[in-house]
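Colleague: Below, each chain spelled out in residue letters.
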Amino acid sequence: MSDAVFEKLAALTPDRRSFLKALGGGLTFLLTFEADAQESGANGHHGRGHSLPENISAWLHIGEDNTITVFTGKVEVGQNARTALTQAVSEELRTPPQAIRLVMGDTDRTPFDMGTFGSRTTPTMAPQLRRAAVAARETLLDLAARRWKVGASSLEAANGCVRNPATGKTISFGELTKGQSFVQSIGPVKVDKPLSRSLAKVDGRDFVTGKHRFTADLKRPGMLYGGILRPPAFHATVSSLDTSTAEKLPGVHVVHDGDFIGVTAPNSLAVTRALAAIKATWKTEPQPSNKNLFEYLKANPDGDAASEVVRSSVIAVDGNRPQLWTTYHISYIAHVPLEPRAAVAEWNGSKLTVWTGTQRPFGVRSELAEAFHLPEESVRVLVPDTGSAYGGKHTGECAVEAATLAKAVGRPIKLVWTREEEFTWAYFRPAGVIEIRSAVGKDGRITAWEFHNYNSGASGITMPYDVPNQEIVYHPSRSPLRQGSYRGLASTANNFARESHMDDLARAAGLDPLAFRLKNLTNQRLRAVLTAAAERFGWGRAKVGANRGAGLACGTEKGGYVATCAEISVDPDTRNVKVERVVTAFECGAIVNPDQLKNQVEGAGLMGLGGALFEAIQFANGRILNPKLSEYRVPRFSDLPALETILLNRRDLDSSGAGETPIMAIAPAIGNAIYDALQIRVRALPMAPHIVRG
Amino acid sequence: MQIELLVNGRIHRVDTDLERSLLNVLREDLDLTGTKYGCGEGECGACTVLLDGQPARSCLTPANAAAGKPITTIEGLEKDGALHPLQQAFLDADALQCGYCTSGMILAGAALLQKNSSPQPDDIIHAMQGNICRCGTYPRIIHAIQSAAASMKRGEHV
Ligand code: FES
Ligand code: FES
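Chains as they are written, first to last, in the working numbering: chain A, 212 to 905; chain B, 14 to 171.
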């Protein structure tokens with residue numbers, strides 16, 4: 212090991228770095244990223260509020276008391292980042308995972324991070340932490356070698372200690388770091404190949420015993436409960452207000468500022484009652500409904516956002532007259548995280564602390580700083596491990612509301628959105644219209660492909676098949692509902708349209724859907740998952756029975772490759788569709804943790820099943836018409852098909868994230884199976900309403 | 014009004030508005046926050062507790078209606094530091110992602126195991142239909158319940 216390792220970084224002298232001081236002595240390894248390796252690119256915003264180098268992404272500290280602590284701005288929202296990152300460090304430091312503590316998503320203590328989304332945690336953070344742990348191990352071996360005056364290569368690290376196999380002598384990491392206080396900076400590294408093994412959720416015991424505290428479970432001294440009076444429609448404004456009755460209720464405070472009307476009370480029933488006692492009238496305006504949604508999206512391009520031509524390479528138009536024109540309709544859907552948005556806000560003088568479940572702690576800190584005209588360093592956001600998000604918890608409305616109430620009443624406030632609020636006041640996966648025109652030659656090769664997506668998004672829009680003439684355009688619209696990120700973004704919609712259309716084209720060409728796809732596909736990774744899924748499923752080998760159908764689909768996005776084969780049954784009377792069997796093959800490079808990966812693939816598939824068959828937001832005039840779990844159906848136990856998951860491990864390739872891409876093939880596979888069973892082509896998500904009788 | 018709640022073998026005297034839900038009293042007054050809110054209308058099962066040994070939706074149960082009856086919450090399932098076999102099985106099968114549905118799933122599953130010592134997948138689906146896991150861990154939950162049944166049979170746990 213070079214002596215450079217032992218150089219303190221001049222720019223990081225502990226007296227200027229209070230965070231390092233707080234850690235005490237020991238070894239600290241700072242991970243730096245290239246600016247463009249950060250997830251959403253450089254916003255010129257990194258690390259504000261910290262006096263740290265701009266591009267630090269995480270740090271790892273080994274203390275004199277043997278504690279190993281990793282600090283990262285990533286958060287845990289059910290995708291098991293905590294486990295994956297702990298595993299990376301544990302494996303390289305040769306230390307049991309229980310000995311490693313991860314501090315995540317705390318804006319005062321962890322380095323700036325753009326957010327936990329886009330399936331980037333495993334691909335970017337895990338290898339970096341792995342590398343830091345390797346450096347730490349080497350440093351520890353070196354320290355022991357100096358102490359014992361032997362060569363470092365003759366020593367080994369095991370169980371939080373360095374050991375000399377020749378003498379049997381051991382010394383703990385903590386002992387080795389005594390009196391040390393050095394800092395090493397580790398630059399961006401090429402991915403080290405991860406080991407493939409399954410580590411169970413690291414703090415799983417806290418969840419099965421109910422000990423883990425989600426945001427909604429936190430309590431602060433003197434805390435009150437908060438609630439917000441919601442308008443009857445989006446964009447409504449208050450025209451009259453009478454809060455006198457509510458204010459007379461014991462322990463109730465009403466907080467009113469413009470259109471913000473909230474209450475605080477000693478418990479949540481008192482909050483509900485106080486809100487009910489407020490008399491308000493609102494001015495509303497007419498707004499579109501889901502009945503005319505698709506015409507509306509096409510007729511209302513977003514004036515500020517130009518259409519994005521993703522691909523245009525028309526080589527020869529002659530002989531490529533479109534043979535197939537189809538249109539697909541995609542509904543708005545909701546994320547429905549089982550833990551609704553929640554925040555606990557507390558003011559100490561002009562310092563604001565907010566606990567909240569969000570994928571973007573630093574983004575929420577900015578929102579709060581802006582809302583209260585504070586410097587960012589006066590705001591601290593902490594993210595307890597959260598009851599999932601699926602792309603739905605990027606924003607900080609609930610945090611701002613809780614902090615507004617807390618400021619007004621001078622007490623800590625807990626605000627937990629009701630399910631109805633979660634369904635209404637967050638944001639939705641975009642709805643959209645997709646139009647495809649295509650042509651196929653006599654030889655079964657696709658010759659032309661024209662693809663227009665209105666509003667649902669550009670993710671997964673490119674054509675994985677080989678087509679010489681392509682035109683692919685994304686047209687943003689003015690969405691009548693607030694829309695945002697979702698698991699897999701628009702790739703579900705785009706892939707549903709594309710892979711449904713591919714089946715129609717196969718039929719036009721007189722070819723089996725699998726053979727047709729393979730004929731037009733040179734991408735080896737996609738071919739590999741497609742053939743693997745088809746083989747396990749027994750594609751083409753056996754005819755499925757009466758009132759049953761089989762379908763397949765594949766797709767790629769964000770470095771992941773997925774293929775799904777589905778078998779469905781249809782009740783001949785009601786035409787209720789049940790998905791009976793799903794075989795999914797997935798490949799995302801080298802596998803980090805096979806069991807967690809399988810869990811993510813299965814979970815994404817099941818979530819996709821809901822959007823494929825029955826999930827849809829109904830709305831009219833600025834109101835959500837089905838904001839309840841009794842009115843918005845999500846997949847339940849009885850919807851569970853027999854699931855088979857095949858994971859292809861490409862140890863020669865970098866790992867990509869796995870939380871999103873596996874969602875994209877299930878809907879078209881089900882749609883193609885429905886066609887196989889009924890000869891009915893449903894070109895809309897969700898599909899079930901278009902086929903059920905009665 | 015004062016009521017007595019018998020939670021996890023302990024008597025708690027609570028001074029409360031009788032219309033408050035058991036869920037809110039457990040969470041807000043007794044700080045037993047393992048029981049979760051997910052919908053407030055009996056549709057998700059996140060708030061499941063055992064009331065007189067039967068699974069109950071604590072969001073729809075007025076605290077008053079639970080007074081005097083034995084209530085078991087997720088915090089009371091552990092016995093002398095040993096996990097209930099189903100808690101252990103959830104860990105072994107990694108039957109959780111975000112873990113927000115987990116308390117309700119375990120209590121609903123534990124209630125099923127009391128009635129049926131070797132539940133088949135169909136029995137589980139039928140009994141657990143009212144519990145939502147948005148993360149989609151259903152296959153693992155079924156597996157966990159079946160393996161807990163097996164280990165209880167083998168007498169590995171009391
Ligand atoms: S919170 Fe009680 S069933 Fe959902
Ligand atoms: S594990 Fe997230 S809801 Fe079940």
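Treat the hints loosely; a few may be bogus.
[What the hints assert, rightly or not] Simulated pairs of lysine-lysine, DSS-like, Cα-Cα distance not exceeding 30 Å:
#, chain 1, residue 1, chain 2, residue 2
1, B, Lys-82, A, Lys-422
2, B, Lys-92, A, Lys-360
3, A, Lys-422, A, Lys-562
4, B, Lys-128, A, Lys-789
5, B, Lys-128, B, Lys-92
6, A, Lys-430, B, Lys-92
7, B, Lys-82, A, Lys-618
8, A, Lys-490, A, Lys-839
9, A, Lys-430, B, Lys-82
For the record, the hints were derived by calculation from the structure and aren't laboratory data.
Colleague: All hints are to be evaluated individually against the structure, with a verdict given for each.
Modeller: Hint by hint, here is what the structure shows:
For a cut-off of 30 Å, the pair hint linking Lys-82/B to Lys-422/A stands: about 24 Å separates their Cα positions. As the CA atoms of Lys-92/B and Lys-360/A are separated by approximately 51 Å, the hinted pair breaks the 30 Å bound. For the hint linking Lys-422/A to Lys-562/A, the alpha-carbon distance of about 29 Å falls within 30 Å, and the restraint holds. With a CA separation close to 29 Å, the supplied pair Lys-128/B and Lys-789/A stays within the 30 Å bound.
In summary, the hint linking Lys-128/B to Lys-92/B is supported, as the alpha carbons are separated by about 20 Å, within the 30 Å threshold. Straight-line distance between C-alpha atoms of Lys-430/A and Lys-92/B comes to about 26 Å, which keeps the hinted pair within the 30 Å bound. Straight-line distance between C-alpha atoms of Lys-82/B and Lys-618/A comes to about 41 Å, which puts the hinted pair past the 30 Å bound. For the hint pairing Lys-490/A with Lys-839/A, the CA-to-CA distance comes to about 24 Å; that is within 30 Å, so the pair holds.
For the proposed pair Lys-430/A and Lys-82/B, the alpha carbon gap of about 27 Å is at most 30 Å, so the pair holds.
Comparing the model with each earlier hint shows violations of hints 2, 7; every other hint is respected.
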